[in-house]
Amino acid sequence: MRFANLIDAVPADTRPVTLPGAENWMQGRTLFGGASAALALQAVRRAMPDLPPFRAAQVGFVAPVGANLAFSVEMVRQGRNVTQVRSDIASDGKLALTALMLFGEEREPNALHPAGKADPWPGAPEDCEDVGQGPTNFFTQNLEIRRAQDERGKGPPLVRRWVRLKDREGLDPVIQAIVLGDALPPGSMRAMQRQGPLSSINWSFNLLDPEARTRDGWFLAEAASDHADHGYSSERLRLWNAEGEQILAGMQAAAIFG
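Going by the numbering used here, the sequence shown opens with residue 158, and the numbers climb by one from there.
Treat the hints as calculated values from the structure; they're not laboratory data.
Yeah, the Cβ is synthetic: ideal placement off N, Cα and C, and Gly gets one too.
There could be a bad hint or two in this list.
Simulated restraints, written as ranges between beta carbons of each label pair [to be verified]: (1) 185 - 351: 15 to 21 Å; (2) 350 - 249: 33 to 39 Å; (3) 307 - 231: 28 to 34 Å; (4) 307 - 274: 15 to 21 Å; (5) 161 - 210: 30 to 36 Å; (6) 229 - 290: 29 to 35 Å; (7) 249 - 278: 43 to 49 Å; (8) 292 - 209: 37 to 43 Å; (9) 373 - 274: 16 to 22 Å; (10) 272 - 234: 24 to 30 Å; (11) 270 - 215: 18 to 24 Å; (12) 158 - 237: 40 to 46 Å.
Work out the full structure, taking the sequences as your base and the hints as a guide.
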């Protein structure tokens, strides 16, 4: 169940591979979004190891990502400071994920405006309620999850949880942050009138700390709906480290069925 096993299987070329243990990281018929995006980034790192630090991505979840995959990486533009790369994943011969990834050299800052700290602060993860791992055939079996809000059940469309990978050996913090940045269900789940499936369609995010530093692997994740109607929700996804400093800022379109 180690995510590092999936990362290690990503090749530096386009030859097809079968991911070991992929069935342990599924959300229904597909690898969940954070796992798929992390694999797309790893494919870029393997194919182009000398890129600047990773800064941002626009990810399209086109179709289910299974265990039998082929990765394709293409340089879009390499500028003096910023490099843009396209990373695609095909599953069983069909396009399943496409991502435009941005890498950028650090420059002397001409604007300073740090993101606000997590508010309200839920307390340290060690002091928060363990909410369990979910079913054994679902990717959350590999996570430690702790409650980070008082609200339960129906209510304002926002979900906050402390999350970390149970087994983080061999994974750098950036990969961990991407895996966990899309680990929560859409916030609109709490506003649904009846139970039904939900599915991420895309994910656009900026990595605010290119090293994704945190303590003991803990990240505070939030998914909140800004608008839900017509079977879709516009979601705001954020991630903070264990000290309450924002690491990731993103947006997502989610399909709301049922």
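Against the structure, the hints come out as follows:
no. : hint                  : verdict
1   : 185 - 351: 15 to 21 Å : holds (19 Å)
2   : 350 - 249: 33 to 39 Å : holds (36 Å)
3   : 307 - 231: 28 to 34 Å : violated (47 Å)
4   : 307 - 274: 15 to 21 Å : holds (19 Å)
5   : 161 - 210: 30 to 36 Å : violated (21 Å)
6   : 229 - 290: 29 to 35 Å : holds (34 Å)
7   : 249 - 278: 43 to 49 Å : holds (45 Å)
8   : 292 - 209: 37 to 43 Å : holds (40 Å)
9   : 373 - 274: 16 to 22 Å : holds (18 Å)
10  : 272 - 234: 24 to 30 Å : holds (27 Å)
11  : 270 - 215: 18 to 24 Å : holds (23 Å)
12  : 158 - 237: 40 to 46 Å : holds (42 Å)
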